[in-house]
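Residue numbers (my numbering), protein chains in the order written: chain A, 6 to 312; chain B, -11 to 299.
Be careful, since some hints might not be right.
Computed Cβ-Cβ distance ranges for the label pairs, DEER-style [said to hold, decoys possible]:
#1 B/Asn180 with A/Leu13: 40 to 48 Å
#2 B/Ser265 with A/Thr228: 17 to 25 Å
#3 B/Pro74 with A/Val111: 54 to 62 Å
#4 A/Leu13 with B/Asn268: 49 to 57 Å
#5 A/Val21 with B/Asn268: 37 to 45 Å
#6 B/Leu163 with A/Met174: 46 to 54 Å
Output of the computed footprint for chain A on chain B, the stretches with three or more beta carbons under 8 Å from beta carbons of chain A [as the list claims (entries may be wrong)]:
#7 95 to 104
#8 108 to 121
#9 217 to 223
#10 232 to 245
#11 270 to 278
What the hints contain is simulated information worked out from the structure, not anything from laboratory work.
Quick reminder that beta carbons are idealized off the backbone N, C-alpha and C, glycines included.
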Amino acid sequence: MPQRYRILLPVVSLAVLLALTFWMQPRAMSYFGLNLLFNLAVPIALATVAQMMIIMVNDIDLSLGAFVSLVACVTATWLNDAPLAGLLILAALVLSYAALGAVIHVLDLPAIVVTLGMSFVWGGLALFILPTPGGAAPGWLRSLMTVKPPLIPMAVLAAILIAAITHLMIVRSGLGTVLRGLGGNARSVARAGWNVTALKALAYGLAGLFGVLAGMALVGLTTSADANIALRYTLLSIAGVILGGGEFIGGKVSPVGAVIGALTLTLAASFLSFLRLSPDWQIGAQGAILILVLTARLLFSRRGAAA
Amino acid sequence: MSGLAKPWLWAWLAAALAFGATLALTSGRGAGELAYAAMSFGAFAAIVGLGQMLVITLGPGNVDLSIPATMTLAGTLALKVMGGEPGTAWIGLAVALAAGLGVGAANFALIWLLRLPPIIATLAASLVYQSLAIWSNRGLRIKPPPGLADFATGRVLGVPNVAWVALALAAATWLMLERSVWGRWLLASGQNLRAARLAGVPVQAVRAATYLAVAVFAGLAGYLLASFSGGAALNMGTEYLLMSIAVVVIGGSSIAGGNSNVPGVLGAALFMFLVVSMLNSYGAGAGLRNVLTGAIIIAIVIAASARRSRQ
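In isolation and in its complexed conformation, chain A is listed as follows (with noise of 0.2 Å):
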């Protein structure tokens, strides 16, 4: 499938899963409606961003729920209490990040297990900062992530906004081109003279970067935070990745495309619920989304090799 049309899948599902759901409930389509529908998916964004950093490099985080819920943690209680510390642990954890994308490289280990090891650590840390549900969002994340601008919700602006900035960062400029190179063929990148330690810390500096985003847009939301919060958005994440138009091997993955990823997966629970769909059933039919959206690029591709 040319690099062009990867995203036209995505972009056509939204539009679909969006069509049906104004359809099955008409009052959505409006300033309020649009944004509850995509209130959460702001955090999800951020964070399916920072998995699609790790997996451009050819790498996954299985840590990136717990490390999201962990920043929660801080946000509540840290940064609301003692803003000072607080931004020096979140810029501790971002540094952190780019430590573990470096050590992985230097000791060519595996990703998947260091960021299993990691998510008890994140975990731990989360439960010793806050050991029961709790705390409160600074009031400034908090009006932030309640704007009302003009005209377009503030989720969707902000999801438009992620999209174009990592676009610019990943598709657009020369070093984003470089960090994808790392994911196609790490050993040509080195021999044409970068460091490629350098390279993998920054792009695990940026996944922690925009986990430390995610964790402070959600704790915006919900006004509190517990070391459970954002579990989910590990598998959430990697999901989001893919059904943007993203591949787990050779560096091919769409910013644009994670972010309508993680906005078509919000707007699945929104859908369903409309659907009055009996709660039971309410997550299998998300997993059945999934599925559907992933056989209609496997056509989309088949038809692509064949033309």
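Starting from the known structure of chain A, fit chain B onto it as the hints suggest.
What follows is chain B alone, placed relative to chain A:
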């Protein structure tokens, strides 16, 4: 390879260390109880770990993320069919294994027919299995039949029955891997899929059998766990997702595939329980315990990679 170069030895050594460190605190009291508990709880991790090991052996990208959902589904379906009536244990077992077979077939159909990456296929499908389990369970908590509950919590020769089951399964898996053609095919496919196919190995049949096996193992684990803990719960499989991958890696199997290690999985399953009880007995809170567990997993992976690069 000989002596300390045997990768499975490290998992057993680590388990022994954790065992010793816990007993050092009580100056040797409660050794029998600790060993018994480790064998009981380690058995479930070992059973799903063996399944996950087979899948991971298939090579990069192969992993089954539907193990927790499969355990829950098999456990709830089996208990529902048995309905707590005595003498239904074998029917329940058949239902649990059939649920495993169904899940395995569905997973492989997604992977093979739709060409989905196994991570995504098993992840998406596990959501469906989870729903099936919720729907069939309806929040009921059915007790296992008395005879079955006695079996699951009982012991023979001082060793828990569930540990005997895990041991028998491990022996069968080892025989299959090391002494049967199928096992050789599996290892060959994991080392180089293309070369294996060109050499005439029926790679798709091998993959199908592997994905069926892991799901059946998970179904069995779910059946035993539900009987052991007096009923199925919808979250009963949750911790076994990370656990199943962790015991494979700590056990010395290669995460890149093509190399599996049955004794290591058993040692690692004991270790994962013992390390938690060690941290508990030293008074570590839940947070610290998790941090240390994670740190230990990473330390073992680093140690394994250092060993690998020396060779």
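Next on the checklist: Is 46 to 54 Å respected by the C-beta to C-beta distance linking B/Leu163 and A/Met174?
Outcome noted: holds, 53 Å
Next on the checklist: Looking only at beta-carbon atoms, does the pair B/Ser265, A/Thr228 fall within the given range of 17 to 25 Å?
Outcome noted: violated, 38 Å
Item to check | Residues of the segment 95 to 104 of chain B with Cβ under 8 Å from chain A, three needed, outcome | outcome: Holds, because 4 residues of the segment 95 to 104 of chain B bring their Cβ atoms closer than 8 Å to Cβ atoms of chain A.
Item to check | Verdict on chain A covering the segment 270 to 278 of chain B, criterion of 3 CB contacts below 8 Å | outcome: Answer holds; 6 residues pass the 8 Å Cβ test.
Checklist entry - How does the Cβ-Cβ distance of A/Val21 and B/Asn268 compare with 37 to 45 Å: does it lie in that range? => result Violated, at about 51 Å.
Item to check | Assertion that chain A covers the segment 108 to 121 of chain B - criterion: three or more residues, beta-carbon distance below 8 Å | outcome: holds (count 12)
Checklist entry - For the segment 217 to 223 of chain B, do at least 3 residues have a Cβ located nearer than 8 Å to some Cβ of chain A? => result violated (count 0)
Checklist entry - When you take the CB atoms of B/Asn180 and A/Leu13, is the distance between them in 40 to 48 Å? => result violated, 35 Å
Checklist entry - Taking a Cβ-to-Cβ distance below 8 Å as contact, does the segment 232 to 245 of chain B have at least three residues touching chain A? => result Coverage by chain A holds here, the residue count being 5 at a Cβ distance below 8 Å.
Checklist entry - Using the C-beta atoms of A/Leu13 and B/Asn268, is the stated range 49 to 57 Å upheld? => result The hinted range 49 to 57 Å holds for A/Leu13 and B/Asn268, with Cβ atoms some 53 Å apart.
Next on the checklist: Taking 54 to 62 Å as the stated bounds, is the beta-carbon spacing between B/Pro74 and A/Val111 within them?
Outcome noted: holds, 60 Å
In the structure shown, a violation is registered for the earlier hints numbered 1, 2, 5 and 9, in ascending order.
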